[in-house]
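Engineer: Take the given structure of chain U and dock chain D to it, following the hints.
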Amino acid sequence: MRFHLECRECSTPYLPQKVAICENCLAPLDVVYENVKIEKSELELREKNMWRYFELLPISSKKSIVNLGTGFTPLLKAEKISESLGVSLYLKNDTVNPTLSFKDRPAGVAVSKAVEFGDKAVCCVSTGNLAASVAAHASKAGIEAYVITPQNIEREKFTQIAAYSAHVIAVKGTYDDANRLAALASLELGWNVVNITSRPYYVEGSKTIAYEICEQLAWNVPDFVVVPCASGALLRSIHRGFKEFYEAGLIYSLPRLVGAQAAGCAPLVKAFYRGTTEIEPVKEPDTVAKSIAIGDPADGKYAIRSVLETDGCMEEADDREIVEAIRLLASKEGVFAEPAGGVTVAVTKKLVELGFIEKGSSVACCITGNGIKAQELVLEGFSPPVIEPDIKELARAVSGEVEELHAKS
Amino acid sequence: MPKVKLYGHIARYSSPELTVASRNVRELLEDLCKLSGSRLGELILDSQGKLREFIRIYVNQTDIRYLAGLETELSSDDVVTIMPALAGG
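Protein chains in written order, with our numbering: chain U, 1395 to 1803; chain D, 4 to 92.
With the rest of the complex left out, here is chain U (with noise of 0.2 Å):
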């Protein structure tokens, strides 16, 4: 046996079956992985994907493996951004997988484990992301995806999700309304909710954001990995990825990490900032990064715990700011980026402006989605203007005379 689980809180150990929390304390349990040994040559020898760690990911046999061709996502220089903040700034951009977001990381594992315990279904709760990444590898490994969802996420998720011929529940109200159902749905009827049912493995593909990140900047880290932090678990999944890394004499430092919220749902910052990990949900977020807006993070505490335990912080960005950096980083790096990239940029500029990232530090931002996804927030105020296929129109249009021209159409 190459991996079994145990209690986060009290160490208990447990068999590597779909078991989530522990019997004794209720408290979530964790993939500890036995004698791991990773060579760096041998590594860089492999197809460049996600799996490409598999001893470092919770599958027992590579035939369950449900590959879409995740990961290995493009680690960009952000040029414009770092020269205008003096720092170096990288983008993680996981705009690029293959239903446009991180979470074909934590749901390829997840479906895979589900394909290895014989599942013909699986569900989810979701604010989207993970809603269209379950449904996709469900496609692939041919067996049924339920998709709990709260209500208002944005159109453009929904479209994807059913163009998978996910099955979709909406819920009236909050993600936390829509995990609670969900939630009873794998006490009561026994669903493999993978977000909880199968949270120990579902959590462990995140980390390989870490790991790439530590082999796309040649084996090194940089100063700060800015994350953006919903249930907490993204953030302390990429500690670990970076743990264990340094532990297996892969690397030789470890980064500060930063938690980034949007202002309307930031129970991570306040906890934070009150010196405690102590967390006081919020019961009806409001902002526009809806991707991360959830009130009761699980993981928060933990997530605390990483960033203090890397002597980094939490800090939170408001709409405006967030809007305007998916502006910054569209215009400037070519990126589009749904409001969880932006809140990552924007709090990032803000802790440069602050003097918490000193000047000179490298520093990589989680781009965790795409901007496709949440269409609205940039065609806010997008008219653009109307004309003949004249070139004359054509040549007032671009010398600004919008207004005449667009009356015609």
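All the pointers check out, no bait thrown in.
Label pairs and their calculated CB-CB ranges: (1) U/E1672 / D/S78: 25 to 35 Å; (2) U/R1396 / D/S79: 46 to 56 Å; (3) U/L1409 / D/K53: 27 to 37 Å; (4) D/R42 / U/E1703: 28 to 38 Å.
In short, the hints are calculated from the structure, not lab data.
For clarity, every value in this text was computed on a predicted model and none was experimentally measured.
All C-beta atoms, glycine included, are put in the ideal place defined by N, C-alpha and C.
Structural biologist: Only chain D this time, still in chain U's reference frame:
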């Protein structure tokens, strides 16, 4: 009388569904412990009588943290759900 539903590992120490004549959530938990034994109480409340972090209690569909916490009053047709804090996200 309020109806109580228990889920997951919590239900191992009690009947999964029962009715208790309690005026608020704290009293309900005390009544449950009297009926089902101290292990259930230890699982739900810490030694200071605070709700443990991995437990969620809902009155009807609302988390008691958004109501009056353990002092949330109960009426006869309320349904109280006690379950592990199962994470999503």
